[in-house]
Every structure is written in structure tokens, then in C-alpha cells.
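Asker: Protein sequences appear in the order of chains A and B. Mapping of the first sequence onto our numbering: residues 1 to 430, in sequence order. Mapping of the second sequence onto our numbering: residues 1 to 430, in sequence order.
Heads up, some of the hints might be wrong.
[Claimed, not checked] Non-contacting residues of chain B with respect to chain A, defined by C-beta distances greater than 12 Å in every case (computed):
no., residue
1, P39
2, G105
3, T106
4, A162
5, G181
6, A315
7, A327
8, G363
[As the list claims (entries may be wrong)] Label pairs and their computed distance ranges (CB to CB):
no., chain 1, residue 1, chain 2, residue 2, range
9, A, K74, B, V60, 50 to 60 Å
10, A, E339, B, A299, 25 to 35 Å
11, B, Q85, A, G126, 51 to 61 Å
12, A, D405, B, G238, 34 to 44 Å
13, B, A310, A, I381, 27 to 37 Å
14, B, T127, A, I337, 55 to 65 Å
15, A, E258, B, I337, 23 to 33 Å
16, B, R396, A, A317, 35 to 45 Å
[Claimed, not checked] Covered by chain A, according to a simulated footprint, are these stretches of chain B (three or more residues, beta-carbon under 8 Å):
no., stretch
17, 92-101
18, 252-261
19, 290-301
20, 347-353
These are computed hints drawn from the structure, not numbers from a lab. The beta carbon of each residue, even a glycine, is placed where N, CA and C say it ideally should be.
Protein chains: 2
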Amino acid sequence: MRRHVLFGVAAALLLASSAHAAPAVRGGDAPVKAIVASPQWKAARDALKAGHDRFVSDIVTITEIPAPPFGEEKRGAAVRAMFDQIGLSDVRVDAVGNVIGLRKGTGADNGLVVIAAHLDTVFPAGTDVKVKREGTVLSAPGIGDDSRGVAALIAIARALDAGKIRTKRDILFIANVGEEGQGDLRGVRHFFGNDPLAKRTSAFFSVDGTDASRIVNGGVGSKRYRAIFRGPGGHSYGAFGLVNPMVAMAKSVAALYEISPPKDPKTTYSASVTGGGTSVNSIPNAVFMEFDMRSESAAELAALDGKFRAIVEQAVADENAARSTRAGTISVELKVIGERPAGQTPDDSSLVRNTQAAIRAVGLSPTLEASSTDSNIPMSIGVPAVTIGSGGIGARAHALDEHIDVAEPLSSQGLIAALTSLVAAAGLAR
Amino acid sequence: MRRHVLFGVAAALLLASSAHAAPAVRGGDAPVKAIVASPQWKAARDALKAGHDRFVSDIVTITEIPAPPFGEEKRGAAVRAMFDQIGLSDVRVDAVGNVIGLRKGTGADNGLVVIAAHLDTVFPAGTDVKVKREGTVLSAPGIGDDSRGVAALIAIARALDAGKIRTKRDILFIANVGEEGQGDLRGVRHFFGNDPLAKRTSAFFSVDGTDASRIVNGGVGSKRYRAIFRGPGGHSYGAFGLVNPMVAMAKSVAALYEISPPKDPKTTYSASVTGGGTSVNSIPNAVFMEFDMRSESAAELAALDGKFRAIVEQAVADENAARSTRAGTISVELKVIGERPAGQTPDDSSLVRNTQAAIRAVGLSPTLEASSTDSNIPMSIGVPAVTIGSGGIGARAHALDEHIDVAEPLSSQGLIAALTSLVAAAGLAR
């Protein structure tokens with residue numbers, strides 16, 4: 001379910017005044033207004049606007065270094081050099097290829113805020129990634145998802161320095177691997193599972209995609225299987241009567257589609273890809289199907305997963321009971337090909353409220369949505385996380401004709417909102 | 001069902017004596033004994049034995065000319081030259097590629113006997129078809145199925161001339177295309193559907209495979225579909241609730257496998273090959289399955305076909321009723337990818353009885369079997385037909401390590417039995 005929460009002027013005023021009246025409600029317009037009133041923020045904002053051409057040039061540089069799934073090394077090396085060049089400290093590439101750089105805070109707070117963007121694209125090695133430019137429109141595979149996001153990290157770090165902004169908490173910049181598809185969020189998963197800094201993380205931003213008004217604070221969890229049904233096979237005529245793995249698979253799909261999952265929290269499934277068999281005159285030795293399950297709720301996802309396993313096992317048992325097993329039985333292998341934990345950053349959390357206020361501060365109307373992004377990982381372990389856009393307009397993500405429009409003021413608005421959200425989360429030191 | 005009818009000496013004697021006592025029973029040992037007692041037959045038999053090396057050389061020549069499915073032209077051209085060289089008349093290649101040559105009879109009977117062997121192999125273009133020889137064992141893809149059969153036609157035609165055998169009926173030699181798999185018997189189907197000589201055909205032999213004791217007089221019919229289920233597709237999460245073509249297919253397979261076909265006449269089915277879908281996070285636009293149905297009975301095959309169509313249509317309707325069709329409905333295309341009519345040449349027909357007697361005359365024990373061969377076509381329109389072996393031993397047909405053993409006397413025995421059966425069907429003119 002996509003939840004679009006549109007705030008009008010009246011609602012914004014109401015929120016601002018209620019925040020003032022009731023300090024128990026954390027974050028929101030009042031603290032963000034204090035940030036945007038500061039001379040440091042104004043200097044940073046001006047730097048983002050003034051540096052826009054350089055930002056666009058970085059987008060092109062990053063886009064034109066191929067970063068296919070499980071092949072992000074080359075782009076990562078270039079981003080590492082950029083992290084060094086802009087003066088981040090402790091710059092490193094971790095065991096899975098995440099590029100990490102630190103911007104120290106004042107130490108007034110031991111917390112740490114992560115801002116990440118993903119290096120990988122969905123496009124295989126060999127894809128032409130040369131950027132074509134017509135006016136403010138730049139076209140190339142991966143340019144909006146997520147090359148612009150990675151370039152935004154660089155632009156924001158430069159602007160923080162230009163504005164001499166000091167934060168109470170450390171800020172960790174991560175250009176991470178493995179967000180897309182079978183990458184299965186492995187970069188951010190590795191960070192939170194292994195990095196010593198993960199424990200100190202008090203807020204997480206993923207800058208992914210363009211739309212600056214969109215906040216993803218619902219993490220749709222998913223579990224994906226390839227179910228491979230195997231049997232003895234045989235001649236379609238001579239061996240008629242033997243068990244057939246395609247029947248076990250068919251009965252599984254038919255029974256799975258009797259499940260009525262809840263609408264809220266939204267929970268879904270799909271029998272998506274199938275294949276197998278050798279020739280029309282042979283009982284197949286093996287057939288497979290890929291099955292996708294998703295939910296906004298970890299509990300509902302687990303319940304659906306349990307039903308999936310039970311149904312498949314039952315269908316296999318039924319087929320072994322229905323036909324002859326004299327040449328062998330049907331078995332099934334359940335191979336997990338994707339697993340993203342569900343999670344949620346509450347609508348009334350300070351992270352969400354500050355981010356909404358930061359978006360409003362640049363004149364846009366924030367929406368709250370649920371999706372499946374790198375933020376799923378921190379959300380699932382209770383770390384407040386949101387996925388935000390880097391600004392401008394993007395279209396045709398995951399398609400070869402992917403393109404972005406970097407026309408101002410929309411392009412810089414996203415960068416400014418992201419910087420503001422980041423500073424609000426990290427705490428502006430006076 | 002494979003029916004193995006083994007005749008012992010006592011049974012053979014009984015049949016011989018009953019044929020003598022009751023002339024209403026046509027064919028059998030008595031007329032065959034008259035043929036094998038003739039000096040012409042003896043001369044032909046001796047010619048087959050004496051020409052065995054030449055026969056083996058022809059097998060190698062034919063085998064080493066690739067004849068993949070739907071690519072028999074080159075082998076056909078070579079066989080056409082052989083038909084010319086051995087003195088057949090009216091040699092021609094018909095519209096689909098069958099190579100046809102006539103050996104005129106005396107005209108005492110207007111009937112015509114066809115003896116055919118198929119040019120095509122199951123092996124794709126590019127397969128190494130070089131023959132390897134070790135002693136009497138020759139190995140190459142297609143060598144037994146059916147290069148040896150084609151060479152047998154040449155050897156038999158030569159032997160008929162060597163023995164100065166004159167027959168009452170014309171004999172038509174056909175090296176036909178399209179027996180295997182998706183070829184779907186198209187060569188013989190074309191002959192019986194289009195050739196002016198088809199109407200005069202009173203008996204049909206297909207020389208296919210090696211085993212000289214095997215007579216196929218039951219034609220297992222088959223009908224094969226590729227069922228393509230289509231729908232609107234969509235995002236597995238965003239478009240959850242839309243109809244899914246994989247569910248219609250799954251329900252079809254599950255319902256089809258509830259059918260209990262008769263054991264006699266043997267009737268079978270198989271869901272054999274499947275495929276479709278684009279990615280694990282997409283509801284598929286299209287999936288397909290290939291379904292094979294066979295029966296010894298044309299009526300049972302037609303009944304099964306009717307059930308298949310009804311079940312598939314119902315499954316599609318059920319899916320369109322079960323989920324949303326707002327983005328489009330599920331439809332199914334049923335593409336016939338194979339159709340072989342069922343048929344039978346009666347066990348007590350003169351063709352079967354003469355062929356059994358001819359096999360016994362070389363010292364082998366004939367069996368009667370049901371299979372799916374080129375003979376299905378004439379059987380299905382009431383033309384007496386049998387499929388017989390060309391002799392010797394064959395193994396691993398349809399596999400790359402296919403091989404035959406041409407050791408004597410087994411190799412020539414098959415040729416002699418085939419020649420004897422042919423002369424019995426065509427009538428020896430004195």
C-alpha cells in the first residue's frame with residue numbers, strides 16, 4: 001500500500017503550533033525552522049545552488065562507470081577517490097565493497113547518522129552507459145537510480161564544509177553495494193551486521209531515486225523462493241502413471257492462490273517465473289517456479305512464508321500418493337533467492353517529522369510511502385530510517401531509456417531538503 | 001501397451017495346418033512357404049547375403065549426410081541418385097522432400113505396395129555424424145534410426161532384380177521426410193494426402209529401426225498441444241490481486257491429472273514442458289505448457305482431447321472470476337504441435353500374418369506391438385500397414401552414442417524377412 005499523506009498549509013501551521021505547545025512531540029517544523037534560520041545553513045544552501053554544475057558533472061562521471069549487479073568495484077574505487085578528495089576521514093572500502101567515509105561531529109552526542117546511496121544498477125555488464133544530454137535532460141541507464149544519489153552525497157558533504165556546519169553527531173557517508181534485485185540489500189545488510197559503527201547509528205538515510213517529496217518510512221519485507229520440484233521423469237507413453245513434478249508444482253500454485261492475505265498491513269504474493277521439462281514426449285525430471293512474497297509486517301510475512309512451505313510440502317506428498325513412485329519420488333528444493341526484512345519508522349518519529357519539515361522548507365509537499373529499499377535493514381532492527389529522493393525529475397528507472405531532468409530550482413531543492421534533514425538528524429552545533 | 005505375441009513351434013504348426021484346412025484365413029505360413037520355395041526368392045536371398053558389404057557401405061554413406069529435422073534435402077538428393085542408379089522408374093522428389101521410385105509389377109493386379117524408410121534423424125544441424133567402426137559395430141547418430149532402414153530399401157530393390165522377381169502389384173520405394181518428433185509424420189502424411197498413387201496403395205511397410213522380430217501393427221495416436229496462457233501482467237506487489245496466467249495453467253494441470261484414462265486401449269497423457277514469466281517481482285504476462293496425449297484408440301484420444309479443452313477453458317474462466325480483470329483478462333491459445341492418428345492393422349489380416357510368417361521363415365519369433373510410427377497414417381485411413389525392423393542389433397537410438405551391430409547372420413536375416421514380407425504383399429508372379 002502506498003500511503004500518500006499530503007500536508008496543506010493549515011495542517012503545517014497546526015503541526016508547528018502543536019509542536020510548540022507540546023514539546024513531547026519530537027521533531028518537525030520548529031527545529032527545522034531553527035536550522036534554516038542559521039547563517040551556516042544559508043551558506044550551505046547557497047553552495048549547493050552554486051555548485052550545481054559540478055554536481056551534474058559528478059552525476060555523469062559516476063553514471064559512465066559501469067556498476068552491474070555484483071560488479072560495483074570500479075565505480076566504488078572512483079567514489080572512494082571522491083570521498084578522499086572532499087576531505088572525509090577514515091575513508092575505506094569494506095569487505096563487500098561499500099565505500100565509507102566519516103565526517104566527525106563535535107562529540108556532544110555519541111550517536112551517528114548514516115547517509116547512503118547505492119552504487120549498483122540493474123544493468124548487466126556490457127550495457128552502454130554513455131550519458132546523452134539534451135538541455136537539462138540527461139539520459140543513461142542508472143543515471144537516476146542511483147548515480148544521482150551517489151553524486152548527491154558528494155554535493156552534500158561539500159556544502160556542509162562550505163557552510164562550516166558542525167553537527168553534534170558524526171555523519172557517515174556510505175556508497176553501498178547490492179541494493180537492486182538479487183543484490184538483496186547486501187551492502188547495507190553487511191554494514192548493520194558487521195560494522196563497528198552500526199551500533200552507534202541513531203538515524204539512517206538512503207538517498208535513492210529523484211522525487212524530493214517522497215519519504216519512504218514503511219519497509220515492505222519480502223521473501224523469494226525458487227522452488228525446484230524433481231522426480232524420476234520417463235517416457236510420456238511408456239512410463240505413464242509415474243509421479244510428475246509438474247503436478248506437484250501446479251497443485252502448489254493452485255493452493256497458494258487460495259490464500260487471502262490481509263489488505264492492511266498490505267501483504268502480497270506472486271507465482272512469477274516457471275520453467276522445466278525436456279521434450280513434449282517426456283515426463284519432466286525437474287520443473288521450477290519462482291515465488292515472491294511481501295508484507296509491510298514482519299509477522300504477516302513470516303505467517304505467509306509458513307503457509308507457503310506447508311502447501312508445497314503437502315502438494316509433493318499428495319503427488320507421491322496419487323501416482324506410482326516405483327521409479328522414484330517427487331521432492332522439492334526450496335532455494336531462498338531474496339529476503340528483505342519488513343520494518344517501519346513511525347510516522348510520528350522525529351526522523352520522519354524532521355524530514356517532512358525539511359521538504360516543506362523547500363516548498364514541496366511530503367508524502368509517506370512504503371516500499372522495499374535499503375532502509376528495510378535498519379528499520380527491521382529498530383534503527384530509525386527513511387529513504388528520500390535526491391531531487392529533480394527521474395523517469396524510466398530500470399529501463400535502458402532511463403533519464404533525469406536537472407532543471408532548477410527542482411534539482412537543487414532535493415539536495416537542500418536532504419542536507420536539511422541530515423543536519424536535523426545529526427543536530428546542528430552552535 | 002506392448003503386446004508380445006510369441007509363437008512356439010506347436011503354435012506355428014497349428015497355424016500352418018489351420019491355414020491349410022480353412023482357406024478363409026488369409027496369409028500366413030503357407031503362402032510364404034510357397035514364396036521361399038521359389039528359385040527367384042532363393043536367388044534374391046543369396047544376393048542379399050552376398051551384397052552385405054555393399055549394404056553396410058551404403059549405411060555409412062547415408063549416415064554421414066546430415067539429415068536434421070526439417071533439413072533432409074541433402075540426404076534426399078543422395079538417395080534419389082541411388083534410386084536412379086539401381087534402376088527404379090519414375091524417380092522423383094515430391095513437394096515436401098519424399099524421394100519416390102517405382103518398381104513396376106506385371107499389372108496382374110492394380111494394387112500397389114509401399115515400402116518406406118525415413119530420411120530424417122532427431123539430431124540438429126552441426127551434429128558430428130562421422131561413422132566410427134569397431135569390428136561389426138558401427139557408431140554414429142542416426143545410424144540405426146533410420147539410415148540402416150533407407151539402405152535396406154536399396155539392398156532389397158537390388159536383390160529383387162538379382163532374383164528376377166516379378167510381382168503382380170507395383171512396389172513403390174519411398175525415402176520419406178519428417179518421421180521424428182515435430183516432423184509429425186509429415187512425409188507419409190503428405191503422400192497419403194496428396195500423391196495420386198496413394199489411392200492404389202493396398203499395403204504399406206515402414207522399415208524403421210533394427211529388431212527384425214518386431215512387427216508394429218498397432219498405431220498409437222497422439223495429439224500434442226502447446227497451451228499459452230496470457231494475461232495483463234504487472235508488478236508483483238503494486239498490482240497484487242490481478243489475474244495470473246500461471247494460476248490458470250496450474251489449475252489446468254491439477255484438473256487434467258484427475259483424469260483416469262482406460263488401460264485398454266492404452267491411453268495416456270503428460271504435462272511435459274513449461275516456461276514463462278519475466279522476473280520474480282512480476283506477475284507473468286505469459287506462461288506455457290506442452291501437453292502430450294496418446295491412445296491406441298482414435299475414439300479414446302478424441303474423448304481425452306475434448307476433456308483437455310474443456311478443463312483448460314474452465315481453468316481460464318475460473319481465474320478470470322477469482323481475481324481482478326481490471327487490467328485485462330486471462331486467455332489461452334491452444335496450438336497443436338503434434339497430431340498422429342491412431343490406427344490398427346488387425347492381427348489376423350493377411351499383411352500381419354504374412355509378415356509374421358516371413359519372420360519365422362528366417363528363424364526368428366515375431367512379436368506384435370503398438371507404437372507411434374509412419375504406419376499410423378495409412379492405418380488411420382484403413383490401409384493395411386506395419387512397421388518392421390531392417391535386421392541386426394541397434395542400441396541408443398536418439399542418443400549421440402547410437403550404434404548398430406551388423407554381424408551376420410542377424411543383419412541379413414532382417415533384410416531377407418523384409419523382402420519376403422514385401423513379395424508376399426505384392427504377390428509373386430509366376
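Asker: So which hints don't hold here, by number, going up?
Answerer: 5, 6, 10, 12, 13, 14, 17 and 20
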